[in-house]
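*Asks:* With chain S fixed as given, assemble chain X onto it according to the hints.
Read top to bottom, the protein sequences are chains S and X. Add 14 to a position in the first sequence, counting from 1, and you land on the number used in this note's numbering. Add 14 to a position in the second sequence, counting from 1, and you land on the number used in this note's numbering.
Among the hints, erroneous ones may be present.
Since the list gives no way to pick out one identical chain from another, each pair is judged satisfied if it fits inside one copy or across any two copies.
Unchecked claim - The list that follows gives simulated cross-link-like pairs (lysine-lysine, BS3-like), each with its CA atoms no further than 25 Å apart:
id: 1; residue 1: Lys157; residue 2: Lys94
id: 2; residue 1: Lys45; residue 2: Lys119
id: 3; residue 1: Lys94; residue 2: Lys119
id: 4; residue 1: Lys123; residue 2: Lys94
id: 5; residue 1: Lys45; residue 2: Lys151
id: 6; residue 1: Lys123; residue 2: Lys151
id: 7; residue 1: Lys151; residue 2: Lys94
Think of the hints as simulated: they come from the structure by calculation, not from any bench. Note that the coordinates shown come from a computational prediction; the quantities given were computed from them, not determined experimentally.
Take a look at the letters that make up each chain.
Number of protein chains: 2
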Amino acid sequence: MPPPAFALDPQLAVDTVFVGDLALCRVLLVKDANYPWILLVPRRPNVTEMIDLPDHEQIQLAGEVAVASRALRAITGCEKLNIASLGNVVSQLHIHVIGRRPGDKAWPKAVWGAALPTVYDPNQRDELATALRHALKINAIAK
Amino acid sequence: MPPPAFALDPQLAVDTVFVGDLALCRVLLVKDANYPWILLVPRRPNVTEMIDLPDHEQIQLAGEVAVASRALRAITGCEKLNIASLGNVVSQLHIHVIGRRPGDKAWPKAVWGAALPTVYDPNQRDELATALRHALKINAIAK
Numbered sequence: 015m016p017p018p019a020f021a022l023d024p025q026l027a028v029d030t031v032f033v034g035d036l037a038l039c040r041v042l043l044v045k046d047a048n049y050p051w052i053l054l055v056p057r058r059p060n061v062t063e064m065i066d067l068p069d070h071e072q073i074q075l076a077g078e079v080a081v082a083s084r085a086l087r088a089i090t091g092c093e094k095l096n097i098a099s100l101g102n103v104v105s106q107l108h109i110h111v112i113g114r115r116p117g118d119k120a121w122p123k124a125v126w127g128a129a130l131p132t133v134y135d136p137n138q139r140d141e142l143a144t145a146l147r148h149a150l151k152i153n154a155i156a157k
Numbered sequence: 015m016p017p018p019a020f021a022l023d024p025q026l027a028v029d030t031v032f033v034g035d036l037a038l039c040r041v042l043l044v045k046d047a048n049y050p051w052i053l054l055v056p057r058r059p060n061v062t063e064m065i066d067l068p069d070h071e072q073i074q075l076a077g078e079v080a081v082a083s084r085a086l087r088a089i090t091g092c093e094k095l096n097i098a099s100l101g102n103v104v105s106q107l108h109i110h111v112i113g114r115r116p117g118d119k120a121w122p123k124a125v126w127g128a129a130l131p132t133v134y135d136p137n138q139r140d141e142l143a144t145a146l147r148h149a150l151k152i153n154a155i156a157k
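The shape of chain S in the complex, shown without the other chains (with noise of 0.2 Å):
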């Protein structure tokens, strides 16, 4: 029998834009112009802590939410960083990497619960979309 397959949990797939995949994680844009906000999601079934994660593989995500927290910052020049493996609703993990800045909607507050989505303008969308694959070098094809 094969080994069981990654599929994205649905709530997240709505919440979410595609951007591309990473070595071990999917990653994305989530459909809040609230804040700059992606996911990153390791491609592993039935997976719910870190830890559950193979020793090489916490140390891939690490390095993999690294990368993204450097794009991230790059791009939308961000003053900090808020990163977060929660998943008290949603339990597939996945880690919030999200660019804060004082007076965005939920300053100086976590942003979970804080404020209703903004509807992102499409074209910023994409742009930012494209922003974080030219930084983190990958395309908007699935592995």
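*Replies:* Below, chain X alone, put in the same frame as chain S:
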């Protein structure tokens, strides 16, 4: 001139009790009995973001977060871990490792701003700190 020394942010000091020092991070127990909640603070001066640490210390940090996560889950039997680096209010880099369970004061929301802290019974707080020291193989003496 010697390099600047690490000093714990005064607000973090007020909000926590000292557990012990891992190779990189100071481990602190947050004074809020609503959730088993620890902080890991890399003992490095003037660091705000995980990506401000050199690469080898980012990997060390990921390992210490994993060790602390396993310890907290083993001791408390929590169902979910919430792990986050936010720092919008206190800029000194600190990683939250929080044990969550359905029915806790904030479930399923994030804990920040969700409920007023509950004061610990001192015995219960000391028992948790002692169990953490045992699991993490550290003692109550700062390195």
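*Asks:* None of the hints should be skipped; say for each whether it holds.
*Replies:* Results for each hint:
no.	hint	result
1	Lys157 to Lys94	neither (31 Å within a copy, 29 Å between copies)
2	Lys45 to Lys119	within (15 Å within a copy, 28 Å between copies)
3	Lys94 to Lys119	within (14 Å within a copy, 28 Å between copies)
4	Lys123 to Lys94	both (12 Å within a copy, 22 Å between copies)
5	Lys45 to Lys151	within (22 Å within a copy, 43 Å between copies)
6	Lys123 to Lys151	neither (32 Å within a copy, 34 Å between copies)
7	Lys151 to Lys94	within (23 Å within a copy, 33 Å between copies)
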